[in-house]
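Asks: Model the full structure from these sequences, guided by the hints.
2 protein chains.
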Amino acid sequence: MEQIISNRELILVAYANEGPVTDAHLKIRETQLDVGSVGKDGSPGDVAVQNLWISVDPYLRQLMKQSDDGLYMPSFQLNQVIRSASVGKVVASANPAFEVGDIVSGFYQVSEYAIVPGGGLRKIDTSVAKPSDYLGLLGMPALTAWSGFTIVGEPNPGDEVFVSAAAGSVGMLVGQLAKIKGCRVVGSAGSDQKVKLLKEEFGFDDAFNYKSETDWDAALARYFPRGIDIYFDNVGGRMLEAVLNNINMKARIPLCGMISQYNQEWKQRFGVRNLLNLVGKCVKMEGFMCVQYLHRMGEFLEEMTGYIKEGKLKYKEDVKEGLESFLEAFNSMFSGDNLGKPVIYLGPPQ
Amino acid sequence: MEQIISNRELILVAYANEGPVTDAHLKIRETQLDVGSVGKDGSPGDVAVQNLWISVDPYLRQLMKQSDDGLYMPSFQLNQVIRSASVGKVVASANPAFEVGDIVSGFYQVSEYAIVPGGGLRKIDTSVAKPSDYLGLLGMPALTAWSGFTIVGEPNPGDEVFVSAAAGSVGMLVGQLAKIKGCRVVGSAGSDQKVKLLKEEFGFDDAFNYKSETDWDAALARYFPRGIDIYFDNVGGRMLEAVLNNINMKARIPLCGMISQYNQEWKQRFGVRNLLNLVGKCVKMEGFMCVQYLHRMGEFLEEMTGYIKEGKLKYKEDVKEGLESFLEAFNSMFSGDNLGKPVIYLGPPQ
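For the record, the sequence lines run as chains A and B.
For the first sequence, this note's numbering assigns the number 572 to the initial residue and increments by one for each residue that follows.
For the second sequence, this note's numbering assigns the number 572 to the initial residue and increments by one for each residue that follows.
To be clear, the hints were calculated from the coordinates, so they are not data collected in a lab.
Do not rely on the hints blindly, as some may be mistaken.
Given that identical chains are not distinguished, each listed pair holds provided it fits within a single copy or across any two copies.
SDA-like cross-link-like pairs, simulated, lysine to any residue; straight-line CA separation at most 25 Å [said to hold, decoys possible]:
| id | residue 1 | residue 2 |
| --- | --- | --- |
| 1 | K855 | M820 |
| 2 | K838 | A790 |
| 3 | K855 | G842 |
| 4 | K821 | S638 |
Nothing here was measured: the structure is a model prediction, and the numbers come from that model.
Replies: In structure tokens:
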């Protein structure tokens with residue numbers, strides 16, 4: 572039975588290889604979607620979802636470039652709908668695993684409605700956490716924080732931990748996990764308001780505004796008189812270099828992403844000059860992506876929901892509404908104007 | 572009983588913070604040594620040795636600088652005798668563990684004769700290998716190659732392995748270990764003669780002269796059409812950057828040293844711009860020093876002597892004679908003029 576819905580979707584009309592992403596690159600397209608056709612066009616397991624929440628994350632910047640220059644997911648295709656982690660409500664289903672009304676999450680089209688293969692969706696448990704938490708507190712940012720900090724970072728009680736972009740969607744969880752594991756943790760962020768948030772809401776032992784510090788080497792020496800054992804790196808570049816001048820023997824550096832570097836082509840990026848310190852201090856620096864650890868999702872959810880029930884984990888979202896707010900939400904991560912993890916709400920008025 | 576011997580020793584008279592080390596930094600001092608006094612001056616376990624062989628290694632460059640800029644051993648002190656790994660013959664002993672005539676190895680004074688605490692010496696087994704092999708084939712370079720490649724590098728059969736400074740004291744062993752572990756291995760070196768040595772003597776699958784290649788990115792793409800799984804890095808800098816543009820998912824990069832960078836102060840060193848590739852490819856880069864693995868010396872010796880007995884490991888030394896050849900031997904590693912591991916013979920005419 573035909574069931575035509577007016578739909579809006581976000582398409583990439585030009586690659587943004589350098590500099591900020593603008594409306595010259597991303598445009599909203601209005602279309603019609605026949606959600607009644609689900610499963611009848613040769614894709615028998617499809618599900619139609621109404622999008623409720625869209626996750627806005629820094630790594631998407633890399634997928635809007637022509638070449639896969641440093642991150643390993645293929646770039647978005649031109650004139651196609653971009654994709655992101657999202658939470659939606661099933662409005663039609665040709666898949667026995669999903670019923671109309673189910674709340675699901677997955678990585679799919681950034682649009683108001685979407686037809687998605689059922690294999691890419693997962694029903695979420697809204698008794699444990701609210702729907703948007705599956706994009707943050709229990710979503711990819713959390714799997715990233717958990718796997719990067721606990722598996723790659725190998726924390727020990729008493730370790731000195733530094734987190735950059737600490738008020739970001741991943742950083743705020745890393746700091747709280749560090750406290751849970753008995754470490755001392757200091758975060759850097761880009762505004763005094765964020766610094767306050769880190770210390771007063773998320774329990775960081777200390778925090779500083781990197782924009783107010785002229786000499787990051789000296790700042791780190793001041794915040795870490797005993798040196799750094801774990802650096803959870805979200806920014807790369809000059810801050811990584813400053814960390815390497817304050818690093819301890821046998822330290823671990825999980826490399827999560829390098830937001831300071833995404834807007835440049837690789838040859839224009841900051842060159843880190845003191846990698847020899849990795850040798851002298853026997854340091855492990857390891858890049859990772861949360862998808863490597865999807866097979867440990869069960870263990871992750873059990874541990875994290877345990878902390879949530881004990882009241883040990885807080886989370887802060889920066890909510891914007893409507894597909895037209897995507898660019899603003901996206902660019903806020905690079906300017907540092909966001910306060911909390913950016914998500915976009917598309918559902919009915921709350 | 573007094574037993575005065577004419578001695579010569581190498582002292583550091585000025586720190587060499589940048590550029591090559593010259594005779595303005597290192598000088599030979601003539602002294603008298605009373606080897607008959609061993610153990611009678613309040614150091615009861617001392618041993619007097621006549622030096623036979625001195626090891627000449629790149630890391631010593633870092634110890635001739637004023638600050639410990641990237642490597643973790645303390646700098647040599649001004650106007651003191653420098654130290655290096657050495658093999659000597661006991662000429663007097665106040666230590667029950669050593670008898671006159673024993674052949675011993677240790678890290679001690681670069682001089683013709685030396686008085687050394689017995690705790691820093693180890694008797695060597697000259698039935699397994701010749702004395703100078705304990706500075707190379709079974710010495711620190713070998714422990715470095717073995718621990719860096721097999722422990723940090725985590726090789727699997729079929730892995731694509733790249734070794735820089737492959738004709739160096741460590742590199743030539745890494746290549747042979749890679750073949751033993753079932754990998755394909757390509758090395759880079761600084762002369763056609765070394766390239767020939769790698770392919771014809773040490774069994775590398777391929778090798779190239781980095782001085783003849785203008786575009787290292789392109790050269791590596793040609794030598795590694797399937798990408799690089801393990802990069803055993805001895806040089807750092809621009810070659811490391813080129814490797815990161817040819818690296819495979821989940822690759823391992825044991826960082827052994829960065830000979831291309833030692834002659835510069837850290838802010839003058841080459842800045843590696845594409846570290847974001849570590850994230851996108853989930854790569855582990857880990858600095859190490861062989862001293863971390865001294866507790867696995869037994870396992871190391873068993874494995875390596877096994878290979879030696881099976882004829883699977885070859886080694887090449889670049890022998891010079893006399894203390895006055897130290898500077899030439901040392902600088903040959905930075906100019907690339909050495910062919911094989913530099914060692915200095917101080918013993919009686921062979």
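Asks: None of the hints should be skipped; say for each whether it holds.
Replies: Hints versus structure:
1. K855 / M820: both (10 Å within a copy, 17 Å between copies)
2. K838 / A790: between (28 Å within a copy, 18 Å between copies)
3. K855 / G842: Cα proximity of K855 and G842: in one copy and across copies (19 Å, 18 Å).
4. K821 / S638: The answer is between: 20 Å across copies meets 25 Å, while 35 Å in one copy does not.
Against the hints set out earlier in the document, no violation occurs for any number.
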